[in-house]
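Asks: Residue numbers (the numbering used here), protein chains in the order written: chain A, 216 to 603; chain B, 216 to 603.
Warning: the hint list may mix true and false statements.
The list treats identical chains as one, so a pair stands whether inside a single copy or across any two.
What the hints assert, rightly or not - Listed below are the simulated BS3-like cross-link pairs for lysine-lysine, each with C-alpha atoms no more than 30 Å apart in a straight line:
no. : residue 1 : residue 2
1   : K466      : K519
2   : K520      : K475
3   : K381      : K450
4   : K475      : K381
5   : K384      : K475
6   : K553      : K508
7   : K447      : K384
8   : K399      : K381
9   : K422      : K553
10  : K379      : K599
11  : K496      : K376
12  : K520      : K376
13  : K531      : K590
14  : K519      : K384
15  : K384      : K590
16  : K466      : K520
17  : K531      : K496
18  : K475      : K496
19  : K422      : K590
20  : K496      : K519
21  : K384      : K553
22  : K496      : K599
23  : K463      : K508
24  : K508      : K384
25  : K376      : K553
26  : K475      : K553
Derived from the structure by calculation, the hints contain no laboratory data.
Protein chains: 2
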Amino acid sequence: MLRPISDRSGEGAREAAGSGLRDGASAARGVCGGLPRKAAGARAPLLQGFLLWRMGPRARRVAAAVRAGLGCRRGGGVDRAGVGAEGGDGPPAESAPGRGRRRRKGRAGAAFRVLHGAAGGGGISCVLQNGEIFEKAGVNVSVVFGHLSEEAVQQMRSRGKTLKTKDGKLPFCAMGVSSVIHPKNPYVPTIHFNYRYFEIEEADGTKLWWFGGGTDLTPTYLNEEDAVHFHKTLKEACDQHNPELYPKFKKWCDDYFYIKHRGERRGIGGIFFDDLDWPSKEEAFQFVQSCAKAIVPCYVPIVKKHCHDPFTPEEKLWQQIRRGRYVEFNLVYDRGTKFGLATPGSRIESILMSLPLTARWEYMHSPPENSREAKILEVLRQPKDWVH
Amino acid sequence: MLRPISDRSGEGAREAAGSGLRDGASAARGVCGGLPRKAAGARAPLLQGFLLWRMGPRARRVAAAVRAGLGCRRGGGVDRAGVGAEGGDGPPAESAPGRGRRRRKGRAGAAFRVLHGAAGGGGISCVLQNGEIFEKAGVNVSVVFGHLSEEAVQQMRSRGKTLKTKDGKLPFCAMGVSSVIHPKNPYVPTIHFNYRYFEIEEADGTKLWWFGGGTDLTPTYLNEEDAVHFHKTLKEACDQHNPELYPKFKKWCDDYFYIKHRGERRGIGGIFFDDLDWPSKEEAFQFVQSCAKAIVPCYVPIVKKHCHDPFTPEEKLWQQIRRGRYVEFNLVYDRGTKFGLATPGSRIESILMSLPLTARWEYMHSPPENSREAKILEVLRQPKDWVH
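Please model the entire structure based on the sequences and the hints provided.
Replies: Take a look at the structure:
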């Protein structure tokens, strides 16, 4: 059961407070009882508050950046949509009645904020489309719980996890914050980040937990100074905890975001990790927080530097072709997307929020030798060490 | 090893005639020796000629329609590109030097024709982009052979085939003609067809063979008259052989082109079949030929009827959203695409030729109730019987 909310509507806010999310929170406690002690207080109103409370400032700053993209202040000229909301197990978005959205300056700028909750979890999605700076940008905070499908268990087994199911069932609880921002200007790169916590209860009652996540950058054109800034900021965040983390997670990122059939990476990487269950839950959580804190200083200076760069239709076209590769990676290889599509009752609009507004596939497109298009391809084919 | 060809260039033609394709043809004979007797003569110059010879007239008529889309006669004003060609096991298209293409009237109309051959097979791709009628249209004739990857064998096992491999290896030979045509006008539907022959040699020397294929239509807006015409033409082709075929293959088509995570089909269907190894090789081949002959009468009248229909930017936008769903199906579910991506040395540009030139993903897009957009969605969610 889902409820529409709006930033300032008293009715919407009351609806949200009394929605299925609260039921979701209490239902989830059985599985996700082992969160780090410091986070326990945040569970009181909504279990989903956990990540909003601990990582929320990041998510809110990204939301602020999204607002900045619209050229307006918080609560100012943002076109808050009269959106309906939809739960994980509801019908596809198009079928729900009573949904619409207002337009701001014709086709420019539509922001959606949706609270969605159901028996299997809930969360908040905030998406902007056709902004002045961002073509499409979304933040998604969610908690899901239930039983993993056989397909999802299989995917985890293929990662080397030995999981003891009972009659093929495996109760799980997962929560995370994720975001993808596709800017309009081809000189502003796309950023993606996702930080998540996962818990599984095996047949014998053993609880397994781990963190996963990462932040990575996908430029249309290579700017070496920006690449160094991005990686250096992430390295500094990692180094606070252990100097071995950045090199390991940088390589993992290059390996993970590999579009095998193209022989190229999706972007210039960043950091990526999964199955992080050491040295302790509290320390792993602190590391994840450091990564989350690095997102804004990683990215916002690059956005500010380039968002007014002039560009040609040919440069926009190359951006659209790269967006096509982004779609290829996400739909063919991305584990998060595949897990989402394989999880019954998952919310498709949130899972596919990461796809760009528009993309392009040209047959045998081939940039001229020594062009700037060829230069970024080189780096995508042969990842570089940006900081030492 | 690949060779560039052009329609009339003597040098290109000589190159093609003396290219790796001939080697491919002789190498393939060992595995694909069991083709229908009537086709044997066609193998002499090029094994790949088999389907060009038997189904080639269809492919050539589609190519003619593609030319018509450019508003020019055969060999007339078509902008034949100075394309390079690329083999299945070569590097991605962008890396090959010396490739370019000329533009006709700015961005309008670029046609590519590529002969590609390598140790693992070869074929011909003919692609048009930015035509007056067709936004992107391609025909692909190919023969591939070699050893199936473990992943590909796994996919066939999951279809119920029990295959005896030797040290995990399974020699195979596959040949087929496929085409996807994405028109510009949202009132002209996308068509896809693919007809193929597959042969496998098991560890004990047993040879398995089967045909597969189908033709299906993906309209942006529903036109019931066109839907009936399309299905009726396919039914008549099937009924020549057995009245049970159309209902069976129509349902198979609806089931196959199902975008599970959206709860909707890719289009309004048509026919689809696989593993067709009865009643005899010759009869199965005759049935496939009837299907192939039905393609032009199925589709061309619909193109002619609507290609000059006026349309609004909003209607074009809805087409782009539907193209996004097309991409989702092809990358997430389509067995042909998954088989191609899982086959080492396959030619990515030919496999992904089916993707539209442009596509769009809007967050929570929802057409108004009772709109024409909602009407096509109804049919995609609940397939109809168009002929009885």
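Asks: Hint by hint, note whether the structure agrees.
Replies: Right, here's what the structure says about each hint:
For a Cα distance limit of 30 Å, the shortest separation of K466 from K519 inside one copy, 28 Å, qualifies, whereas the shortest one across copies, 54 Å, does not. Taking the closest pair of Cα atoms, K520 and K475 never come within 30 Å of each other, the shortest separation being 32 Å inside a single copy and 42 Å across copies. Proximity of K381 and K450 under a CA criterion of 30 Å is satisfied in neither setting, with 41 Å inside one chain copy and 48 Å between copies. In this homomeric assembly, K475 and K381 come within 30 Å of each other (Cα to Cα) only across copies, at 27 Å, whereas the closest approach inside a single copy is 35 Å.
With identical chains, the CA atoms of K384 and K475 are at most 30 Å apart between copies only, with a shortest distance of 22 Å across copies and 32 Å within one. With identical chains, the CA atoms of K553 and K508 are at most 30 Å apart within one copy only, with a shortest distance of 27 Å there and 39 Å across copies. For a Cα distance limit of 30 Å, the shortest separation of K447 from K384 qualifies neither inside one copy, at 43 Å, nor across copies, at 46 Å. In the homo-oligomer, the alpha carbons of K399 and K381 never lie at most 30 Å apart, since the shortest distance is 49 Å inside one protomer and 53 Å across protomers.
Proximity of K422 and K553 under a CA criterion of 30 Å is satisfied intra-copy only: 24 Å inside one chain copy versus 35 Å between copies. When the C-alpha separation of K379 and K599 is checked against a cutoff of 30 Å, the pair qualifies neither within a copy, at 40 Å, nor between copies, at 44 Å. In this homomeric assembly, K496 and K376 come within 30 Å of each other (Cα to Cα) only inside a single copy, at 18 Å, whereas the closest approach across copies is 46 Å. For a Cα distance limit of 30 Å, the shortest separation of K520 from K376 qualifies neither inside one copy, at 43 Å, nor across copies, at 57 Å.
Within a single copy, K531 and K590 get their C-alpha atoms as close as 16 Å, which meets the 30 Å cut-off; across copies the closest is 34 Å, which misses it. Proximity of K519 and K384 under a CA criterion of 30 Å is satisfied in neither setting, with 48 Å inside one chain copy and 55 Å between copies. With identical chains, the CA atoms of K384 and K590 are never at most 30 Å apart, being 49 Å at best within one copy and 39 Å at best between copies. Taking the shortest alpha-carbon separations for K466 and K520, only the intra-copy value of 27 Å comes in at or below 30 Å, while the best inter-copy value is 55 Å.
For the identical chains of this complex, K531 and K496 are neighbours neither inside a copy (44 Å) nor across copies (51 Å), given an alpha-carbon limit of 30 Å. Proximity of K475 and K496 under a CA criterion of 30 Å is satisfied in neither setting, with 34 Å inside one chain copy and 37 Å between copies. For the homomeric pair K422 and K590, neither the shortest alpha-carbon distance inside one copy (47 Å) nor that between copies (48 Å) is at most 30 Å. In this homomeric assembly, K496 and K519 never come within 30 Å of each other (Cα to Cα): the closest approach is 36 Å inside a single copy and 65 Å across copies.
In this assembly of identical chains, K384 and K553 lie within 30 Å of each other by CA distance both inside one copy and across copies; the values are 19 Å within and 28 Å between. With identical chains, the CA atoms of K496 and K599 are never at most 30 Å apart, being 32 Å at best within one copy and 54 Å at best between copies. Taking the closest pair of Cα atoms, K463 and K508 come within 30 Å of each other only inside a single copy of the chain (20 Å); across copies the shortest separation is 57 Å, beyond that limit. Taking the shortest alpha-carbon separations for K508 and K384, neither the intra-copy value of 36 Å nor the inter-copy value of 50 Å comes in at or below 30 Å.
Taking the shortest alpha-carbon separations for K376 and K553, both the intra-copy value of 17 Å and the inter-copy value of 25 Å come in at or below 30 Å. Proximity of K475 to K553 under the C-alpha cut-off of 30 Å is found in both arrangements, the shortest distances being 16 Å within a copy and 12 Å between copies.
When held up to the earlier numbered hints, the structure conflicts with 2, 3, 7, 8, 10, 12, 14, 15, 17, 18, 19, 20, 22, 24 and fits the remainder.
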